[in-house]
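Peer 1: Sequence:
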Amino acid sequence: MKRHLTYITLGTTLLLGHFTFSVNLYVYASDVPYIVFSSTRGGNDDIYIMDINGKNLQQLTDHSAHESAPTFSPDGQRMAYVSSRDGKPEIYVMSLTTKVSHRLTNHPGHDDNPTWSPDGQWIAFESNREGIYDIYKIQPDGANLQRLTHGEQNSYDAAWSPDSKFIAFSSKGGIHIMDADGGNPRPLAPFGLTPSWSPDGKQITFSTVLLGNTDIYIINTDGGNVRRLTKHPAEDWSPVWRPDGLSIVFTARWERNYDIYRIDAEGGNRIRDNRRRLTDHLARDMDPTWVPTGFFPVSPTAETQTTLWGRLKQSVHD
111 MKRHLTYITL GTTLLLGHFT FSVNLYVYAS DVPYIVFSST RGGNDDIYIM DINGKNLQQL
171 TDHSAHESAP TFSPDGQRMA YVSSRDGKPE IYVMSLTTKV SHRLTNHPGH DDNPTWSPDG
231 QWIAFESNRE GIYDIYKIQP DGANLQRLTH GEQNSYDAAW SPDSKFIAFS SKGGIHIMDA
291 DGGNPRPLAP FGLTPSWSPD GKQITFSTVL LGNTDIYIIN TDGGNVRRLT KHPAEDWSPV
351 WRPDGLSIVF TARWERNYDI YRIDAEGGNR IRDNRRRLTD HLARDMDPTW VPTGFFPVSP
411 TAETQTTLWG RLKQSVHD
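Heads up: the sequence shown begins at 111 in our numbering, then just goes up one per residue.
No lab work stands behind these hints: they were computed from the structure.
Be careful, since some hints might not be right.
[Stated by the list, open to error] Derived lysine to aspartate or glutamate pairs resembling DMTMM-like cross-links, with alpha carbons at most 20 Å apart:
#1 K312 / D289
#2 K312 / E365
#3 K209 / E240
#4 K312 / D273
[Unchecked claim] With beta-carbon atoms standing in for the labels, derived distance ranges:
#5 D229 / K198: 25 to 31 Å
#6 R257 / K165: 28 to 34 Å
#7 F301 / R366: 25 to 31 Å
Please read all numbers here as calculations on a predicted model, not as lab measurements.
The beta carbon of each residue, even a glycine, is placed where N, CA and C say it ideally should be.
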């Protein structure tokens, strides 16, 4: 449900055990990180997971409504996401051990693009409940809603710093940074959307339209050393840094469709050589995010497969 160049959260391996009335899915942390993204390959937006090489694709949600924008608690036990099952975008939180979801937001406005703080205490999101889009944060149990931005321009794309002390976001004036309580907002770059912090907190990657192209850039958090990571006539956006800092995944239309790509974070002369296309499908694959390391079990029963999670497909082919 991303409004524009945005959308989403499991360092894992998948083991499927088939029983008469249930399916047990175990996700283990490993040296191979996993990527979650939204795709319309099932007819509407749902959430999928694959490994870093684009293999072992699994469908995580299967609902007649649009389900997108996943973000995970740091321990990997819960997933926040956006669903339009009630007629408009709202944020839900699912326990991945019990398969139970609760509705986190409930407002006539549109609530979108959740992002879980690294310390696990907050979920930031964007909402137009006051007329324009602003950044809000709320605790995962639905308590203590706070409006963080009060500007005259729409604000989108909240992104937490690794220490949870700051939030980067995009507005008409470009990329900004503010304290986690909404104080001390300051501009970082006069252009850009969809910011994402590097794991060491020293850099931010973002997408922007310059010289007629939408490409991926990197900037230091002090505003210096802006450099271009991708260079292609098609659109590149929604970059997200890998937890070890070595690579970045993003959405691009380098071929005929919107797909997920991975590129080394160094950029420079290696831009053409290190890119890798991870999905190749006629549908729209967008807005990837990395899954936190850790272990969590997901054991949907036959009943839950027909409700919130739908059918967990044993194999989904690109």
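Peer 1: Evaluate each hint against the coordinates.
Peer 2: Quick rundown of the hints versus the structure:
A distance of roughly 16 Å separates the Cα atoms of K312 and D289; the hinted pair therefore holds under the 20 Å criterion. For the given pair, K312 sits about 32 Å from E365 by alpha-carbon distance, which is inconsistent with the 20 Å threshold. Simply put, K209 and E240 have alpha-carbon atoms about 32 Å apart, too far for the 20 Å limit, and the pair is violated. Taken as a hint, the K312 and D273 pair is honoured in the structure, with Cα atoms around 11 Å apart against an allowance of 20 Å.
At roughly 30 Å, the beta-carbon separation of D229 and K198 lies within the given 25 to 31 Å, and the hint holds. Separated by about 42 Å at the C-beta atoms, R257 and K165 break the suggested range of 28 to 34 Å. Distance hint for F301 and R366: a CB-CB separation of about 28 Å, consistent with the stated range 25 to 31 Å.
Consistency with the previously given hints fails for numbers 2, 3 and 6, ordered from lowest to highest.
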